[in-house]
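Read in order, the letters of the sequence shown correspond to residues 1 to 255 in full-length UniProt numbering.
FYI, nobody ran anything at the bench for these hints, they're computed from the structure.
The reader is advised that the hints may include incorrect statements.
Said to hold, decoys possible - Derived lysine to any residue pairs resembling SDA-like cross-links, with alpha carbons at most 25 angstroms apart: (1) Lys22 x Lys209; (2) Lys83 x Gly18; (3) Lys83 x Lys209; (4) Lys209 x Arg115; (5) Lys40 x His166; (6) Lys209 x Lys40.
To be verified - Computed Cβ-Cβ distance ranges for the label pairs, DEER-style: (7) Gly117 x Lys43: 17 to 25 angstroms; (8) His31 x Val182: 25 to 33 angstroms; (9) Lys203 x Leu14: 34 to 42 angstroms; (10) Asn147 x Glu95: 14 to 22 angstroms; (11) Arg114 x Ala143: 39 to 47 angstroms; (12) Gln66 x Leu121: 14 to 22 angstroms; (13) Arg165 x Gln66: 34 to 42 angstroms; (14) Val210 x Glu140: 39 to 47 angstroms; (15) Pro186 x Glu245: 34 to 42 angstroms; (16) Lys40 x Thr249: 44 to 52 angstroms; (17) Pro65 x Glu95: 21 to 29 angstroms; (18) Glu246 x Asp67: 31 to 39 angstroms; (19) Glu90 x Gly10: 43 to 51 angstroms.
For each residue, glycine too, the CB sits at the ideal point set by N, CA and C.
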Amino acid sequence: SGQHRVPRAGARLLAPVGDPEKVICVGLNYHDHCQEQAVKVPKEPLIFSKFPSAITGPFDDIVHPQDTSELDWEVELAAVIGKRGRHIEEAAALEHVLGFTVANDVSARDWQMRRNGRQWLLGKTFDTFCPLGPAIVTKEAVADVHNLWIRCSVNGQRVQDSNTRHLIFGVPALVAWVSRFVTLVPGDVLLTGTPAGVGVFRKPPVFLKVRAEGGSGGDTGDPAGDRCHRVPPLQRGDEVQCEIEELGTICNRVV
1 SGQHRVPRAG ARLLAPVGDP EKVICVGLNY HDHCQEQAVK VPKEPLIFSK
51 FPSAITGPFD DIVHPQDTSE LDWEVELAAV IGKRGRHIEE AAALEHVLGF
101 TVANDVSARD WQMRRNGRQW LLGKTFDTFC PLGPAIVTKE AVADVHNLWI
151 RCSVNGQRVQ DSNTRHLIFG VPALVAWVSR FVTLVPGDVL LTGTPAGVGV
201 FRKPPVFLKV RAEGGSGGDT GDPAGDRCHR VPPLQRGDEV QCEIEELGTI
251 CNRVV
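Please build the complete structure, drawing on both the sequences and the hints.
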């Protein structure tokens, strides 16, 4: 009716899924991301996870842990499960998907790549390491989930710019694969991987900082337009904007 609308400026959007049973992630799932680190394309999906406590809102802050000096960004397409299933056939996999949203798989590269026995979990699951949102777009409203541009900007500079057609394993294949091992339930979140352009593989590497006096410490790419937060540079940390065609934009400041 339009009679009970709340002005956007007066509302705080929370993550569209706040406390899922599982947050399942996929590594090395874009051809260009494999190329930027000179690794072979995987023959099977590389699965890891985050704890649900890593989830934060689409415009909430990312808290920079004192335990890392290598904080990195990863824009990702996330699928949200809507129907319970185990041993799901790939041909029927999308029947188990409610819809899609935008995620940032924030990563502490030192903990992911060198510490904790090179197990990825700790480097991926600090609190606030999974901004999610701004909403769940139902699968019926997405023309082709495997043909959407996917982008990330840091301080207004474009750092990732790709398309979901470059996914190695698409959403149906991932749902079928994961369901071989665990039962998927409504609300489970499946992050499908990130394209090329992350900070750790830049030359020299670029990492997110709490204080961004004139940027994040390196040349990150081409201008990407207006920033999400109108905050003077000396009063904010780096600002990460993740956007996917038809799904929307999330923007998070490092504090």
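Taking the Cβ atom of Asn147 and the Cβ atom of Glu95, is their distance within the range 14 to 22 angstroms? About 20 angstroms separates the Cβ atoms of Asn147 and Glu95, which means 14 to 22 angstroms holds.
Verify the CB-CB distance for Glu246 and Asp67 against the hinted window 31 to 39 angstroms. This hint holds: roughly 37 angstroms between Cβ atoms.
Do the beta carbons of Pro65 and Glu95 sit within 21 to 29 angstroms of each other? 39 angstroms, violated
Taking the CB of Gln66 and the CB of Leu121, does the distance hold inside 14 to 22 angstroms? 19 angstroms, holds
Is 44 to 52 angstroms right for how far apart the beta carbons of Lys40 and Thr249 are? Since the Cβ atoms of Lys40 and Thr249 sit about 33 angstroms apart, the hinted range of 44 to 52 angstroms is violated.
Note whether the CB distance of Gly117 and Lys43 lies within 17 to 25 angstroms or breaks it. Between Gly117 and Lys43, where Cβ atoms are some 24 angstroms apart, the hint holds.
Does the Cβ distance between Arg114 and Ala143 fall inside 39 to 47 angstroms? Distance hint for Arg114, Ala143 holds at roughly 41 angstroms.
Taking the CB of Glu90 and the CB of Gly10, does the distance hold inside 43 to 51 angstroms? The hint (43 to 51 angstroms, Cβ to Cβ) holds, given that Glu90 and Gly10 are roughly 44 angstroms apart.
Going straight from one Cα to the other, do Lys209 and Arg115 come out at no more than 25 angstroms? Since the Cα atoms of Lys209 and Arg115 sit roughly 20 angstroms apart, the hinted pair holds (cutoff 25 angstroms).
Given pair status - Lys40, Lys209, alpha carbons within 25 angstroms: 31 angstroms, violated
Does the structure keep Lys40 and His166 at a Cα separation of 25 angstroms or less? 15 angstroms, holds
Quick one: are Lys203 and Leu14 within 34 to 42 angstroms, going by C-beta? Given a distance of about 38 angstroms, which is inside 34 to 42 angstroms, the answer is holds.
In summary, the numbered hints that this structure violates are 1, 3, 6, 15, 16, 17.
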